[in-house]
Each structure stands twice: as structure tokens, then as C-alpha cells.
Amino acid sequence: MPFTRRAALGGLGALTLAGLSHSRAHASPDAAAFLSAARAGDGGYRVGGLDGALEASDGVAVPVRLHALSLRPDGGEAVAVGRRPGDLALVLDGAGRTTRSTFRASPGRRFAGHGAYAADGRTFLTTEIDAGTGEGWIVLREPAGGYAPRAEWRSGGIGPHDVASLGGRVVVANGAKEPKTDPGIKSLGLTTARSNVALLDPATGAVESIAETDADLASLSLRHVVGTADGGLLVAAQDTEAGARDRPLVARLESGRLRWFDADPDLLTRLGGSVCSLAIDGSGRFVAASGPKGGAVVAFDLLTNAAVGAVSIPDVCGLASAGVGRFIATSGLGEVALIAVREDGAAIVGRRASALRWDNHLAGRVG
Amino acid sequence: MTSRLRRTKRRPFAVAFLAAFAPAGAALAATPEPGPLAISVIEQWLLPRNDALAEAAAVQKEAWRAACADGDYAGDLAELKQRYQAGADAWAAVEHVTTGPVSLSLRPDRIFFFPDKRNAVAKALAELEAKAKAGEVPDDTFRASSVAGQGFPALERLLYEAPDGEPAARCRVGVAIAGNLATLTGQIRDEWRSDAGPLAKLKAGQGDPVHFADPGQAAARLLTDLAGGIQRDVDMKLLPVLGANLDAARPKAAEGWRSNRSARALKASVASLAAMAAIFAKAAPAEIAAGDGRAFAAAQAAVAKLPDDVGEAAADPKRRKVVEQAVAALKVAQANVVKDVAPAIGVPLGFNALDGD
Numbered sequence: 001m002p003f004t005r006r007a008a009l010g011g012l013g014a015l016t017l018a019g020l021s022h023s024r025a026h027a028s029p030d031a032a033a034f035l036s037a038a039r040a041g042d043g044g045y046r047v048g049g050l051d052g053a054l055e056a057s058d059g060v061a062v063p064v065r066l067h068a069l070s071l072r073p074d075g076g077e078a079v080a081v082g083r084r085p086g087d088l089a090l091v092l093d094g095a096g097r098t099t100r101s102t103f104r105a106s107p108g109r110r111f112a113g114h115g116a117y118a119a120d121g122r123t124f125l126t127t128e129i130d131a132g133t134g135e136g137w138i139v140l141r142e143p144a145g146g147y148a149p150r151a152e153w154r155s156g157g158i159g160p161h162d163v164a165s166l167g168g169r170v171v172v173a174n175g176a177k178e179p180k181t182d183p184g185i186k187s188l189g190l191t192t193a194r195s196n197v198a199l200l201d202p203a204t205g206a207v208e209s210i211a212e213t214d215a216d217l218a219s220l221s222l223r224h225v226v227g228t229a230d231g232g233l234l235v236a237a238q239d240t241e242a243g244a245r246d247r248p249l250v251a252r253l254e255s256g257r258l259r260w261f262d263a264d265p266d267l268l269t270r271l272g273g274s275v276c277s278l279a280i281d282g283s284g285r286f287v288a289a290s291g292p293k294g295g296a297v298v299a300f301d302l303l304t305n306a307a308v309g310a311v312s313i314p315d316v317c318g319l320a321s322a323g324v325g326r327f328i329a330t331s332g333l334g335e336v337a338l339i340a341v342r343e344d345g346a347a348i349v350g351r352r353a354s355a356l357r358w359d360n361h362l363a364g365r366v367g
Numbered sequence: 001m002t003s004r005l006r007r008t009k010r011r012p013f014a015v016a017f018l019a020a021f022a023p024a025g026a027a028l029a030a031t032p033e034p035g036p037l038a039i040s041v042i043e044q045w046l047l048p049r050n051d052a053l054a055e056a057a058a059v060q061k062e063a064w065r066a067a068c069a070d071g072d073y074a075g076d077l078a079e080l081k082q083r084y085q086a087g088a089d090a091w092a093a094v095e096h097v098t099t100g101p102v103s104l105s106l107r108p109d110r111i112f113f114f115p116d117k118r119n120a121v122a123k124a125l126a127e128l129e130a131k132a133k134a135g136e137v138p139d140d141t142f143r144a145s146s147v148a149g150q151g152f153p154a155l156e157r158l159l160y161e162a163p164d165g166e167p168a169a170r171c172r173v174g175v176a177i178a179g180n181l182a183t184l185t186g187q188i189r190d191e192w193r194s195d196a197g198p199l200a201k202l203k204a205g206q207g208d209p210v211h212f213a214d215p216g217q218a219a220a221r222l223l224t225d226l227a228g229g230i231q232r233d234v235d236m237k238l239l240p241v242l243g244a245n246l247d248a249a250r251p252k253a254a255e256g257w258r259s260n261r262s263a264r265a266l267k268a269s270v271a272s273l274a275a276m277a278a279i280f281a282k283a284a285p286a287e288i289a290a291g292d293g294r295a296f297a298a299a300q301a302a303v304a305k306l307p308d309d310v311g312e313a314a315a316d317p318k319r320r321k322v323v324e325q326a327v328a329a330l331k332v333a334q335a336n337v338v339k340d341v342a343p344a345i346g347v348p349l350g351f352n353a354l355d356g357d
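First to last, the sequence lines map onto chains A and B. Numbered according to this note's numbering, the first sequence spans residues 1 to 367. Numbered according to this note's numbering, the second sequence spans residues 1 to 357.
This is chain A alone, in the form it adopts within the complex (with noise of 0.2 Å):
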């Protein structure tokens, strides 16, 4: 029997996320189980929260536009980052409730939407570009000090976009170049860098490695990365050609070399050339990739390196995990799915609307 949703429903039935109530007892007592960017019914830029029913919450108005938020690991604090071509970020509670303080971008720069926690929690990262010429840094910041810069390093390309404090290194996505400019930083948009994952030493900002797209792929843009359980690392790209779509999305980093999955290629497709959140689920086998432009989720089997399914899931961008073989997925039109995956198909096995419509990245506290 394949693995269709009719299925995956008949088998797995309720919608909520068994072991996520025990998670939650290590945060705080009320802070959901993710949160995201979002846009509330008014227009307005809004935190949004999830619980583990996938009952949406609203979190703080704020000012700006965000992109990701990065939980402090003891959860009780959380950045957003503004998103590109911002540059303020803020401070907020661990349930995104009430804005505590805000930083800006070194001047000249620009922020990215992303920034990471060291694993301490006493070090936050934040990547950051320069509004003219378009290099990347990394910004040491201290968040006992307001989240002041105490270092920066070179963050070994162009355009630097996510950043994680992965494995014992400081893995940067430079993503180098944007289809359009506007409004994003001019220099992106004409660069002709390649895009890479750089690997520095958490210590002292030496570039480790740098893994940079083949020239075939040269229009690819690196920009999300994320951990395996087994200390790999895995980098998400898209393509800046316009309509292009058949080019590899999803690589694994291997002996400094980026690996692409080998992926049936026409299940790749329905990325539609963008891939825009990675996670991975609760078991560590499985990935998922979020490609908004097609309107997908494709899942890929660690094992393998294959896609094993696909679902359909209209301006999907956000992606967590949420638990063994599950994860969840929230879409700029308001929807926040369950997705069940195995090692012959992924499914919706749950869905939910709210009036939050979500912005790019989902941040969980359960993995």
C-alpha cells in the first residue's frame, strides 16, 4: 500500500504531537512550542506562536518585518533579526510576547534575518552584510551586555545569510547573490561570486573550509543550513535563475565539498527552483525542504540521500520538526500542516488555519 495522506490519516489519526507536553515542561510554563514571523489579519508585523495542538497565538507587534528567530537554548530569551535589508533586530521573551530591548546592525551593514546562539547561550551570532560592497561578516555579540558586538570575522564570502553554531564550528551560508534588488542590497544583485558554506573556528573566526557551488550550478544562492544527528551538515540553495528548476537544491557537506542529493530529479522540481527552510525530524533520518515557489514540501531519507515523497503546501516556507518522522510546515496563506514522513512517502496527516498568515522561518523548541 502506498503511503498517501487517505492513509497516513486512517492510521495516525490525532492531530496532536505526542511527547511535545513533556518537551514543554522544560520552558517556560506558557511559551509555545514554536514561533515564527508572521502578519496578522490588519497587515501588521507580528511574532506568532503555535502550541503543540497547532493553535496559533499572538505573540508582539513589532515595527519591522523579521525573518527567523533564534531561541536562547535555555529558552528563555529570543532574537529576531530583521529581516534583509534591515538592520534592527530585537530582543524579545521566550515566548515572544513582549519585546525586551533591540539592537542594530554595525553601521554600514545590513542584517540577513538570521543569527544563532552559541550552544552556552552566552555568545549570539548574527550575520551581516555591507551595504555597499556586499562582504560578509560575522558579529560576536554578548547577550548579558544588550547584545553588543565584542568580535567580528570575515564570514568567508558574499552575502552571508544563515549562520549556526553547529558540531564545534561557526557555519555560515554566503548566499553572494539575489534575483532582484529591490528591495534587497544592490551589490547582491550584481555580484558574480559564487555562492558558498563557509566553516569557522568558533574561537577565533579562522575560515576552517569553504564549499563553494560548481560552475554549473553557479546560480545557485546557499542560504539555509542546518545539523544531522550525526554532526553532518546539510545547506539548502536557490536558484537565482529566473523559472529554473531542475538543478539540485539540497546538498550534504562532505570533506569540505558539497554533495547533492540524488534526488529524483522531476520530485526536486516541485522545490520550483527555491528551497526556503530545512529540518530535520525528531529520529534524525529524514529532512525536509520547504520550496515555496512550487508550493512544496519534499522530504529526503538520510539513508538514501533520495527524496521518498512530496507534499503540497501553497507558499509553505516554514519548517520544524516535531517529533519522530514529523514535522511541521506554516505558509504565508495562514496554514500550518502536520506532515507525517517514512521511507516510502511523506503525507499531510493534519492541518489547521489560522489568522496569522507566517513569514519564512519556524522556530521549535522540540526536536
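If you're looking for bench data, these hints aren't it; they were derived computationally from the structure. C-beta: ideal position from N, C-alpha, C; glycine also. Please note: incorrect hints may appear among the correct ones.
Here are some of the chain A residues that sit facing chain B, going by a computed Cβ distance under 7 Å [unchecked claim]:
| # | residue |
| --- | --- |
| 1 | 292 |
| 2 | 312 |
| 3 | 324 |
Starting from the known structure of chain A, fit chain B onto it as the hints suggest.
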């Protein structure tokens, strides 16, 4: 568990287009209820077209069965081609719908696999013909084969390419494909109308666990299908043919060039999109509805001027402009849906797809 999904191909371009955020508060005071609006679109626009598709596919199935009673359809080509054209027209009217039962089990790919950049249809058809040499292809075997060989484009090869291979085997494959199309389109028709189906849920004011979370989502998804449908015609059927410039035109990227359907399919699609748009527009203030009518009339007029050989025209300096004008008119119609109709009726379209982040 089979590995069927691994073998199968994609929904080519589910919904590429998602629109700009509606201006805050636009016409909120007078917006229609999304549930009844979605029901109107489904009952007045979608269900009749699903019925027509299922009927055309059923007639086509019987035609193949009759034509192959003697083991060779060569004498019945004219009749079968006519049935093919009618069935493909009916599919063109609903091919952009991603909402509801069509979204299950890779049905759109099974019905009409396009675009076919890697010649998957020919490979799948060759595999099926090889299997059919020994006798009837069992249903299970057929359903587990590549989706590229299961629908209209594979039938098109059987009907419009020079015959090659054993007539009896080709007959068995044709009958199997036509039967599959009748089954799939009948399922879509029946599942929408089922007492436990998504329309019944919508009428009870409920969401559907598979297809849309609540009535508001149903309206938003259908409107997104409309906007995405126009984008689909532009991005999949016209721009790849045009290429970046005259030298880069690719005539063989046109849909249905073998069966001379390239323009005909677009006309059927745009006529259906206009009818769908009109139902949404009816819920908007009169001046918005009138603007919508004008935009879609212009798009239909521009598409009506396309010559049958759209692909060749794109590569012809004297005729290329007609193809470009169709693109331009379709984009105007799409902008009308996104910028005028959607805000006026308070139905949201997404924004993540636009951002490139």
C-alpha cells in the same frame, strides 16, 4: 509497502505563483464570507468541469475498447484522435487546480505529465509496451509503472507518432491508459461530491483534514489556484518556448505540439480561468468586477491570436510578437486577480513565494 512513490514523478509546478500581500484593511467592511464564496466556485465552476472531464474520459475509454476489439487501432485513428482532443480540452480546463481530491496520489502527473524535459513519457511508454507484448497489463502493474506513461501525453504518442511495434501490444497499452484516465477523473468527480467529501464539509461550515483547514482556507487555496493557473500558462507553456530571445526559442518545449494542441490547450485553459475569475469577481464591488472582466477578455483575445504552431511562431521573427503579447496580456490578468480582486474580496494570497529567501 511498495516503493511506488519513489518511482513516480512530480506535480510539475503545483502553484508557482503566490501574490503580494493584500493592502491592509482594503475593503474589509464589505468582504464576502469565504465559505459560501468557495462553495460557489466549487459548485458553479469546478464540479461541472470535473463532470465534463470524467465524461470525456469515459467516452474515450469506450472508444479505445471498441477500436481495439480487433487488436489494431490503426483503422480508428480519426475517432480516437477526436476523443483525445476532447479529453485533453476538458483537462486543460481544470489542470491548474491543486485543491481537493486531485491533489492526492499524484493524480495530476498521472493524468497529464508535463513538462517532460527528460523524455520520461517515451521511456515509460516503451516499458509498458514491452510488458504488453505478453498480454494484458494487470491494473496493479500499470499503476506501479512510471506516472509519465499513465496519461494523456502517452496516449498522444500512440496516436500521433508513426506506429512502431506490435499493434496488439500498443492496443493493450492504449486501452490501459484510457481506462486509467477514466478511473482517475471519475474518482476526482466522485470524491468532491461524496457525502464525506470536502464540499460536504465546507457546506457544514467545517474544514477538511486533508484538503483545507477551514472555509477561509478553501477560498484562499482556490484563489491561489486561479492566480497560479495564469502563472502556469505563462511559465510552463509560453516562456520556455520563447526562451530569453529569438535564438533561444525552443519550439519543441510547447505543450502538445505532436497533436497540434499547443494553442488549443492554452485557449481552453484561459477560457476556464476567465470563468473561474468571474465567480470570484462577482463577490467584489461592481467596478472591480468590471475591471476583472476586461482583463480576462483581453487575455482571451490575445491567446485567441496564437497560431496553432505556437512553438514555431516563437522561433519566427515575424510571428514571435504574437506569443509575447499573449504573455503580456496574461500577466495583466494575473495582476488584476492579485492586486484588485483578492483585496476587494478579503481573500489572502501568500507572500513567501515572492521573496526569494
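Item to complete: Please flag the earlier hints that this structure goes against, numbers listed from lowest up.
Response: Number 3 - this is the single hint that the structure violates.
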